[in-house]
Amino acid sequence: MPLLETLFPLGIAHYLIGGLFIGAAVSFLFVSTGLIGGMSTFFTSTWSYVSNWPYFQREEFVSTRNWRLVYAVGLILGAAIWMFTVGEPFQTSVTWWQLAIGGFIAGYGARLSNGCTSGHGICGLASLQLPSLLAVIIFLGSAMVSAAIVKTLGGV
Amino acid sequence: MKIQSLFAVLIAGALFGFGLSYSSMIKPEVVLSFLRFEDFGLLWVLGAGSLVTLVTYQLVPRIMTKPLLESVFRTRPSSMDRDTLLGAALFGLGWGICGVCPGPAIAGLGAANWPLVITLLSIFAGSYVQGRLR
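The listed protein sequences correspond, in order, to chains A and B.
The numbering used here puts the first residue of the first sequence at 1, with every later residue one more than the last.
The numbering used here puts the first residue of the second sequence at 1, with every later residue one more than the last.
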């Protein structure tokens, strides 16, 4: 169908299967341990190992930092399994300044918002939380704007 | 937390990392092409991931009294306030610049996507500044 090829020039299957794996991952985490598996809190809870600043030493971070670290190690492991089985190594050609500036703002924003694509997008929507639905709409909107702007500035 | 639980967390993380890789979300070029309306495929990732999780979150606590390895089903903290919405706008702004969100910044290391180390460190830096301003 021409419309499908226009909307999804690389096909649908890998997107759908990847999404099902992500859903299975967060579901398995919940069924086995009862934990909610967003990713961005990891970036704050890990600071609690090295910073005595009161915010980082909050109970919500100190008491979850170990499993969040293990979860992150699992992410690396899963990507490596993909690379050695069905996938292949891939290095992005996105410029270093995009990776640095974008990462800093995204990190600041995700922690201020208490959620990212997985926290608000997967876990928040699945929890039927209205703030997460609004957050998803807002970050998709602002990302579309900055992705367009960065291209006019010579970005990839 | 029990060692069995941490092992389950590791398996969940590995499934997540495999899914992020399989869906090509660890390729910032693909994310940026989605944000520029060139390929809408990421909607399938978000749709499938959140629908499966929706069924789990809504049904499982009604048919199981507790998780297999721990004592309680957690709920996600959520509040409708300025920080949640302003933070989301900033998160999107940054995501659209680099094409990398927190999960892929971590998972990318496992697929030898070394440039993403820059983003990983930047996200840590942004999170540090956010925490220090609290």
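Hints were generated in silico from the structure; no laboratory data involved.
A virtual CB, placed ideally from N, CA and C, is assigned to each residue, including glycine.
There could be a bad hint or two in this list.
With a cut-off of at most 20 Å between alpha-carbon atoms, the simulated EDC-like pairs for lysine to aspartate or glutamate come out as follows [to be verified]: (1) B:2 <-> A:5; (2) B:2 <-> B:70; (3) A:151 <-> B:70.
Covered, in the sense of this in silico footprint (three residues per stretch, anywhere, with C-beta under 8 Å from a C-beta of chain A), are these stretches of chain B [what the hints assert, rightly or not]: (4) 64–78; (5) 117–125.
Here is how each hint holds up against the structure:
1. B:2 <-> A:5: Distance of about 48 Å is beyond 20 Å: violated.
2. B:2 <-> B:70: 8 Å, holds
3. A:151 <-> B:70: 47 Å, violated
4. 64–78: Since three or more residues must qualify, the claim that chain A covers the segment 64–78 of chain B holds, with 14 doing so at under 8 Å.
5. 117–125: holds (count 8)
When each numbered hint is compared with the structure, violations occur for hints 1 and 3.
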